[in-house]
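Guided by the hints, dock chain B onto chain A, whose structure is given.
Going down the list, the protein sequences come from chains A and B.
In terms of the numbering used here, the numbers along the first sequence are unbroken and rise by one, the last being 112.
In terms of the numbering used here, the numbers along the second sequence are unbroken and rise by one, the last being 1112.
It is worth saying that the hints were derived from the structure and are not from the lab.
Don't be surprised by glycine CBs; every beta carbon is placed ideally from N, CA and C.
Check each hint, because a few of them may be wrong.
A partial selection of chain B residues facing chain A, derived with a Cβ cut-off under 10 Å [stated by the list, open to error]:
# : residue
1 : 1011
2 : 1015
3 : 1090
Among the chain B residues that face chain A by a calculated CB cut under 8 Å, a handful are [unchecked claim]:
#  : residue
4  : 1007
5  : 1008
6  : 1016
7  : 1017
8  : 1019
9  : 1079
10 : 1082
11 : 1083
12 : 1086
13 : 1087
14 : 1089
Pair by pair, the computed Cβ-Cβ distance ranges are [as the list claims (entries may be wrong)]:
#  : chain 1 : residue 1 : chain 2 : residue 2 : range
15 : B       : 1056      : A       : 25        : 25 to 33 Å
16 : B       : 1033      : A       : 63        : 44 to 52 Å
17 : B       : 1056      : A       : 49        : 28 to 36 Å
18 : A       : 41        : B       : 1036      : 39 to 47 Å
19 : A       : 29        : B       : 1005      : 17 to 25 Å
20 : B       : 1062      : A       : 62        : 33 to 41 Å
Protein chains: 2
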Amino acid sequence: MLKYSDRLDRMFHALADSTRRAMVERLVRSPASVSDLARPFAMSMPAIVQHLRVLEDAGIVTSEKVGRVRTVQLAADALTAPGAWIEEQRLPAERQLDRLGAVLAPDTTKEN
Amino acid sequence: MLKYSDRLDRMFHALADSTRRAMVERLVRSPASVSDLARPFAMSMPAIVQHLRVLEDAGIVTSEKVGRVRTVQLAADALTAPGAWIEEQRLPAERQLDRLGAVLAPDTTKEN
Chain A
1 MLKYSDRLDR MFHALADSTR RAMVERLVRS PASVSDLARP FAMSMPAIVQ
51 HLRVLEDAGI VTSEKVGRVR TVQLAADALT APGAWIEEQR LPAERQLDRL
101 GAVLAPDTTK EN
Chain B
1001 MLKYSDRLDR MFHALADSTR RAMVERLVRS PASVSDLARP FAMSMPAIVQ
1051 HLRVLEDAGI VTSEKVGRVR TVQLAADALT APGAWIEEQR LPAERQLDRL
1101 GAVLAPDTTK EN
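Bound conformation, chain A alone (with noise of 0.2 Å):
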């Protein structure tokens, strides 16, 4: 229960900076190396290197090395969790109507 709890905390701080975003938008693509995610951003590489980090320690990407190069992907699951925290708390409206339902007809729960 904490565990996922920490986990839905690091993977929001992760996706709470533009640029990590920026990767994550850059890997849904196809995985890349780490030079070529540092391209399009004027950014020193160990500032990369940290958000990479940053984004791995949530569990959102992986990476792996091969010689000198070092591959980035998006994790499977990588954003599953956040977005099904989300899509809980979306639709409050709906979901007192569904309440509302269910005390005006308090038989449907016990045919369950």
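Leaving out everything else, chain B in the frame of chain A:
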């Protein structure tokens, strides 16, 4: 453009904390006074108010003071922007298949 990106930064940052997410989960049910919101947390009132300020700065909640009671409610578009951003990035495999389809059947685009 920049403004939208800044707004996403603030929203994701606001969600990167389990106390603030718990407040949102509470507010999905109904508006609440600040003291109602504070009740589940072993936290000083200034800390609670600070968390609410982060949510309000991000446009996730709004609040109104009537007499001595400040009531907090979820903003209408509370989670639309971060939800939409995540949705755009998801299912990269499906999007790559779409692109592949466009390459294999280039005439389809001309017909539109």
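Out of the numbered hints, which ones does the structure contradict? 4, 8
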